[in-house]
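S.K.: Given only the sequences and the hints, what does the whole structure look like? Please build it.
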Amino acid sequence: MHGGASALFAIIARALIQNRTLKDPRVWGPGLLAAIGVHMLFNRMLGHPLMATVTILAVVTGLMVVVYRVGEKRLRIWLGQGFDRDTELLALINEGRVRETPLGLYLLSLRNTFRPDTVADMLCLLRLQVELSIRAKGTLVLREQGLKPAPDPDLPAKLAELRHLDAAIGKTGQLALRPVCPWTGSDRWQRHLVEE
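In the numbering used here, the protein residues as written are -14 to 181.
Honestly, I wouldn't trust all of these hints.
What the hints assert, rightly or not - Now the in silico label distances, taken between C-beta atoms and shown as ranges:
#: 1; residue 1: R96; residue 2: T72; range: 25 to 35 Å
#: 2; residue 1: L18; residue 2: K156; range: 26 to 36 Å
#: 3; residue 1: G56; residue 2: D9; range: 10 to 20 Å
#: 4; residue 1: D137; residue 2: R29; range: 49 to 59 Å
#: 5; residue 1: Y91; residue 2: L35; range: 54 to 64 Å
#: 6; residue 1: R163; residue 2: L17; range: 20 to 30 Å
Stated by the list, open to error - Below, in silico cross-link-like pairs of lysine-lysine (DSBU-like), each with a Cα-Cα straight-line distance of 35 Å or less:
#: 7; residue 1: K133; residue 2: K58
#: 8; residue 1: K143; residue 2: K8
#: 9; residue 1: K58; residue 2: K143
#: 10; residue 1: K133; residue 2: K143
#: 11; residue 1: K58; residue 2: K122
#: 12; residue 1: K143; residue 2: K122
#: 13; residue 1: K122; residue 2: K133
#: 14; residue 1: K8; residue 2: K122
#: 15; residue 1: K58; residue 2: K156
#: 16; residue 1: K156; residue 2: K8
#: 17; residue 1: K58; residue 2: K8
#: 18; residue 1: K122; residue 2: K156
No lab work stands behind these hints: they were computed from the structure. Ideal placement from N, C-alpha and C gives every residue a C-beta, glycine not left out.
M.R.: Written as structure tokens, this is what we have:
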């Protein structure tokens, strides 16, 4: 029961984190309520241990199936929308038309706070993250089809550049990019995926 309640809490919180932090109650609140509900259900049946065990097994298993199915559906939607968004953004950056977008306006507003070379590094970081995000999503699609993606000989250099740009813009720059950064919250796993 405790393991099932803890697992539900973790799975629901992970599904809801998106671009939020764990400090946000919208992330951990629903999972906590589900865990409390499972615990309360178990406690109401303390006099009937066999019935409590069967009920908890059925309820926790059912809830986990529902949570996984919802998560899988969200992943498919995210893959489609995210891939389209990333390819469009990459095309705008490569064509020099990023100024026409809300992202471009946001980056222009950062020139009031950061040095021009730091803002340029921020744009390079976003471009690189979008490229690697597209690669990560492509890798997922290939793996789902049972195929192994071909190794990218440029990948180590791109990851080194990514680390360099992260360091160059600093923590304040990273915080400023958080609203538009493709690798925040639940999307950071992409970095790990391309590093494999």
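S.K.: So, for every hint listed, does it hold in this structure?
M.R.: A quick look at each hint next to the structure:
no.: 1; hint: R96 with T72: 25 to 35 Å; verdict: 27 Å, holds
no.: 2; hint: L18 with K156: 26 to 36 Å; verdict: 34 Å, holds
no.: 3; hint: G56 with D9: 10 to 20 Å; verdict: 19 Å, holds
no.: 4; hint: D137 with R29: 49 to 59 Å; verdict: 55 Å, holds
no.: 5; hint: Y91 with L35: 54 to 64 Å; verdict: 59 Å, holds
no.: 6; hint: R163 with L17: 20 to 30 Å; verdict: 25 Å, holds
no.: 7; hint: K133 with K58; verdict: 23 Å, holds
no.: 8; hint: K143 with K8; verdict: 32 Å, holds
no.: 9; hint: K58 with K143; verdict: 31 Å, holds
no.: 10; hint: K133 with K143; verdict: 20 Å, holds
no.: 11; hint: K58 with K122; verdict: 15 Å, holds
no.: 12; hint: K143 with K122; verdict: 17 Å, holds
no.: 13; hint: K122 with K133; verdict: 13 Å, holds
no.: 14; hint: K8 with K122; verdict: 28 Å, holds
no.: 15; hint: K58 with K156; verdict: 34 Å, holds
no.: 16; hint: K156 with K8; verdict: 19 Å, holds
no.: 17; hint: K58 with K8; verdict: 26 Å, holds
no.: 18; hint: K122 with K156; verdict: 27 Å, holds
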